[in-house]
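Here the protein sequences line up with chains G and U, keeping their order.
Residue numbers for the first sequence, in the numbering used here: 1 to 254.
Residue numbers for the second sequence, in the numbering used here: 1001 to 1254.
Hints may be right or wrong, so weigh each one.
To be verified - Which residues of chain U face chain G? A partial, calculated answer using Cβ under 10 Å:
#1 Phe-1060
#2 Gly-1161
#3 Glu-1237
What the hints assert, rightly or not - Pairwise CB distance ranges (calculated):
#4 Thr-1022/U <-> Gly-33/G: 32 to 42 Å
#5 Ser-1070/U <-> Lys-91/G: 27 to 37 Å
#6 Lys-23/G <-> Thr-1022/U: 24 to 34 Å
#7 Ser-1193/U <-> Asp-202/G: 34 to 44 Å
#8 Lys-24/G <-> Ala-1197/U: 50 to 60 Å
Everything labelled a hint here was simulated from the structure, so no lab data went into it.
All C-beta atoms in this analysis are idealised placements derived from N, C-alpha and C, irrespective of residue type, glycine included.
2 protein chains.
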Amino acid sequence: MFVLAKFKKGNFNGKNTSFMITKKELKEINLLGTKKWRKMHQRFVVEGKKSVKEFMAQGFQQNALYSIASTPHEGAVLVTEKEMQKMSFLKNASPLLGVFAIPQHKAIPIKGRILVLDKVADPGNLGTIIRICDWFGIKYIIGSLDTVDCYNPKVVQASMGSLAHVEFHYLDLNAFFSDDQRPVYGTYLEGTSIYNASLPEDALLVMGSEANGISDKVSSFIDHKITIPRKASNGPESLNVAIATALILGEISR
Amino acid sequence: MFVLAKFKKGNFNGKNTSFMITKKELKEINLLGTKKWRKMHQRFVVEGKKSVKEFMAQGFQQNALYSIASTPHEGAVLVTEKEMQKMSFLKNASPLLGVFAIPQHKAIPIKGRILVLDKVADPGNLGTIIRICDWFGIKYIIGSLDTVDCYNPKVVQASMGSLAHVEFHYLDLNAFFSDDQRPVYGTYLEGTSIYNASLPEDALLVMGSEANGISDKVSSFIDHKITIPRKASNGPESLNVAIATALILGEISR
Chain G
1 MFVLAKFKKG NFNGKNTSFM ITKKELKEIN LLGTKKWRKM HQRFVVEGKK SVKEFMAQGF
61 QQNALYSIAS TPHEGAVLVT EKEMQKMSFL KNASPLLGVF AIPQHKAIPI KGRILVLDKV
121 ADPGNLGTII RICDWFGIKY IIGSLDTVDC YNPKVVQASM GSLAHVEFHY LDLNAFFSDD
181 QRPVYGTYLE GTSIYNASLP EDALLVMGSE ANGISDKVSS FIDHKITIPR KASNGPESLN
241 VAIATALILG EISR
Chain U
1001 MFVLAKFKKG NFNGKNTSFM ITKKELKEIN LLGTKKWRKM HQRFVVEGKK SVKEFMAQGF
1061 QQNALYSIAS TPHEGAVLVT EKEMQKMSFL KNASPLLGVF AIPQHKAIPI KGRILVLDKV
1121 ADPGNLGTII RICDWFGIKY IIGSLDTVDC YNPKVVQASM GSLAHVEFHY LDLNAFFSDD
1181 QRPVYGTYLE GTSIYNASLP EDALLVMGSE ANGISDKVSS FIDHKITIPR KASNGPESLN
1241 VAIATALILG EISR
């Protein structure tokens, strides 16, 4: 599908860069914005020098690399700024864009703390949650099958390279909870204050969707309901799911 | 500038709603997306039933109110969905949009905990920070003069009505810190762990910009450098400013 970067590099003459990337190539990169295409080809897009380097450093298989001609990068196909903007999923394209293979993860370990997301829908929220997990040393994240795809370009962008450090699994939560032996902690608007609860080293922590919190189906598996106490009585009804995740992981990491 | 809602309401006949809002009115609402226009007219836009009601409940002076004809609202000018989408700053317009007067705040109290933002630039971050302050009972927020405007429609939206509960002041931080007697705590990538520091009841907490953290100018006023310890050694270099604010306010509110 993708022409390898090194193959095309030789064509660059430093002057005429307009046709360094074919229309087909450009279209295929744009199509990686869709979940269907990503799933079919098992590839995803990473933008920005820092993020691209992070995925490289973590050993992700690189399928293609593009950089704008004014800031060339080793092994990258050089493209014009206009071409990069056409490829990019960002409002303002970065000078470097990489296409990587979606990794095949091994099974989830039966020990340790794992974050479970029940239908988190917003790409920005998911990316931020991944970054927070990376900060607090949570390596494994499970998403329900209806949670937004972690290889969505907006998620990758918001995770700022942290997606390279975590293992993200999409599972049928019903089946997973039925099998897993760890106690399940769920975050609700009401429950035991996180300041009075303590999460064991081996535990599953569930965060619900932005719109509806934890679904009824998943609620039936929750052993412990926890909550973040609101200090202001007339304050907001709830917190953003990424903020709530940060506060809980912060508290259990003290 | 704005035709009062009650004045126009009588014109609605339930069938022909296409011309309920004049082009001039529509243009003026769109112009409220600019800081210049908001400042000149001392008005801002609030979208969504829940948020509009929150500003009403908190006694904000309402200048105009529009609702789509299919879900009429008391006292609102009825408009078509198409007109509402033209007025709206959202991708998908809400059925209710209000124009309110920017409030005149009294002086900042010399006691209590105050959050100070040094050049926070992203509207989404600022809105989220306002919501977090509301949750943790921080009533006063000071923004540097180059912090994004809290009446920017995107900020109002992200704050989800919480802007109605806080008092936001824009000040020259140099002058403010020179005058104020409270100890100043600043959040840095290095400093005393927030788990070992404690913030007095009367204190200023400074958060820096997304790109550069606390500026050198503001740094000279910081009495105590604090930090959120990162648990994973190879984790991200920093946290998003809204996440960091949540973690610090969460910790000092325990």
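A quick look at each hint next to the structure:
| no. | hint | in the structure |
| --- | --- | --- |
| 1 | Phe-1060 | violated (15 Å) |
| 2 | Gly-1161 | holds (7 Å) |
| 3 | Glu-1237 | holds (9 Å) |
| 4 | Thr-1022/U <-> Gly-33/G: 32 to 42 Å | holds (39 Å) |
| 5 | Ser-1070/U <-> Lys-91/G: 27 to 37 Å | holds (33 Å) |
| 6 | Lys-23/G <-> Thr-1022/U: 24 to 34 Å | violated (46 Å) |
| 7 | Ser-1193/U <-> Asp-202/G: 34 to 44 Å | violated (26 Å) |
| 8 | Lys-24/G <-> Ala-1197/U: 50 to 60 Å | holds (57 Å) |
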